[in-house]
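> Going by the working numbering, the sequence shown opens with residue 188, and the numbers climb by one from there.
There may be inaccurate statements among the hints.
Claimed, not checked - DSSO-like, lysine-lysine: derived pairs with alpha carbons at most 30 Å apart:
1. K490 to K448
2. K448 to K413
3. K479 to K526
Claimed, not checked - Cβ pair distances, simulated, as ranges:
4. I211 to Q408: 20 to 28 Å
5. N451 to H422: 30 to 38 Å
6. N451 to E212: 48 to 56 Å
7. A566 to L225: 28 to 36 Å
8. P480 to G342: 20 to 28 Å
9. Y520 to E274: 46 to 54 Å
10. F387 to N350: 34 to 42 Å
11. E274 to Y219: 19 to 27 Å
12. N350 to M468: 23 to 31 Å
No lab work stands behind these hints: they were computed from the structure.
All C-beta atoms, glycine included, are put in the ideal place defined by N, C-alpha and C.
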Amino acid sequence: MHSINQDSADTISSEIKAKFSSFIESFFSKHYRERCYLGLVFWQGKRRMLQINVPAGDFSGLLQAKPSSGNDPDSGKNRPEVKGHAEDIKQYIIGCANKDKPWIVGTLTANVDPDDIEIHEFARGMCLVVIPRGVKLDITDGQHRKRAIHELIEGIDSKLIANDDFPITLILEGDKRQCQIDFRDMAQTKQLDKSLLVSFGEYEGHIGITKELIDRVSMFQDKTEKVKASPSVKHKLIYTTNYIARFVSCTFTNNTENELKDYNVEQTSESLAYCLNKFFMKCENTRYISQKPINELTVDDIKEFKENGVLGVSVGLEILGRLLYSTYSPEYYKFDEEKVNQLAQLDWSRKNDLWANNIVRRDPNPKNPNNPYKISFSAGAIATAVDIIKIKLGWMS
């Protein structure tokens with residue numbers, strides 16, 4: 188049930204409200220066979236635009252996507268759908284709705300020839316938009332959201348969004364070429380870095396555990412980039428939230444993409460934080476960085492650690508996670524301390540032969556002769572490195 192805060196000052200009298208309702212209702216009655224929406228008129232980019240809110244049940248008949256096909260961008264008004272993206276949006280809505288959690292879907296953008304609709308302007312930008320039944324709005328941006336909403340409202344989960352409304356920015360534009368230009372311009376928005384998405388993610392699963400580790404593990408505390416795609420050495424940052432989130436998924440499932448939705452954040456993060464603090468303090472390659480607060484470390488300290496060690500890059504964290512996976516007992520929320528200690532005794536520097544010709548390759552013509560090593564991020568190299576360590580430690584059955 189949706190509710191509005193009644194504590195806010197309401198100075199509009201019942202008489203004025205009644206007059207307004209009577210005034211608006213006359214328009215709805217006149218156009219009862221068409222679709223009518225209260226809207227706002229605004230101007231942007233030398234054109235008049237509208238903002239309307241559309242009930243979920245109106246989507247199928249009101250909006251249409253015209254994606255381009257084949258190798259001909261001019262065959263449609265928006266890009267082809269990315270396989271699986273609409274399903275991701277749908278599952279996001281279903282997941283939140285079933286847990287009675289809030290969710291949000293951004294504003295869609297569509298265009299329509301202004302001659303095909305009626306706009307009754309009142310005052311101060313308020314209006315009534317009348318869209319005849321035979322008129323459809325062409326999506327310029329938001330075809331994946333449209334498909335997700337359409338499939339939900341037409342499927343067995345329709346009750347989850349039946350009472351929801353979705354905002355549409357309506358561009359009054361009949362020129363197809365201009366519509367394509369509009370799409371191109373909107374599509375130039377910079378993609379968000381994964382670290383930022385993790386940092387703003389819901390406090391559950393691998394995201395919740397990641398946030399706890401950044402606070403609890405000295406090796407990550409104040410040394411993790413939470414916004415950008417890569418850590419800045421000059422700002423004394425070693426990891427990113429995305430590196431750590433992938434590590435967390437590896438540690439508990441041996442799969443970097445697993446979101447750990449059903450995992451207990453408090454118990455798993457407490458167990459892993461305890462394990463990591465022990466590991467980083469015992470490991471010769473990480474002890475100095477781990478025990479020093481960030482204000483006592485220099486940029487050169489961070490640079491040296493990242494250039495000479497394996498654990499200063501994302502691939503090193505992934506290998507550690509895949510190895511810790513073999514030491515974890517989920518029924519007890521515990522890591523095998525003896526095996527973790529074995530891992531801490533390894534030489535995690537790039538010069539160690541354990542990493543040679545898997546994740547670490549020697550560059551025959553290095554730009555920096557003091558750092559002749561190149562890191563391979565391939566899945567095959569990582570798998571090989573993990574197997575070599577397991578064999579060395581006697582973990583392979």
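> Are the hints correct? Go through all of them and say.
Structure-based check of all given hints:
Between K490 and K448, the direct Cα distance comes to roughly 35 Å. Violation of the 30 Å bound is thereby established for this hinted pair. Taking the CA atoms of K448 and K413, the gap is about 21 Å. The hint holds against a cut of 30 Å. At most 30 Å may separate the alpha-carbon atoms for a hinted pair to count; K479 and K526 meet this at roughly 25 Å. Between I211 and Q408 the C-beta distance comes to about 57 Å, which lies outside the given range of 20 to 28 Å.
Between N451 and H422 the C-beta distance comes to about 33 Å, which sits within the given range of 30 to 38 Å. The supplied range of 48 to 56 Å is met by N451 and E212, whose beta-carbon atoms lie about 53 Å from each other. In this structure, A566 and L225 break the distance hint of 28 to 36 Å, their C-beta atoms being roughly 53 Å apart. Our hint of 20 to 28 Å for P480 and G342 is violated, since their Cβ atoms are close to 53 Å apart.
Separated by about 33 Å at the C-beta atoms, Y520 and E274 break the suggested range of 46 to 54 Å. Judged by the Cβ atoms, the range 34 to 42 Å given for F387 and N350 is violated: they are separated by roughly 27 Å. The hint said 19 to 27 Å for the Cβ distance between E274 and Y219, and at roughly 37 Å that hint is violated. Between N350 and M468, the C-beta spacing of about 54 Å breaks the proposed range 23 to 31 Å.
Violated hints, listed in ascending order, are 1, 4, 7, 8, 9, 10, 11, 12; each of the other numbered hints is respected by the structure.
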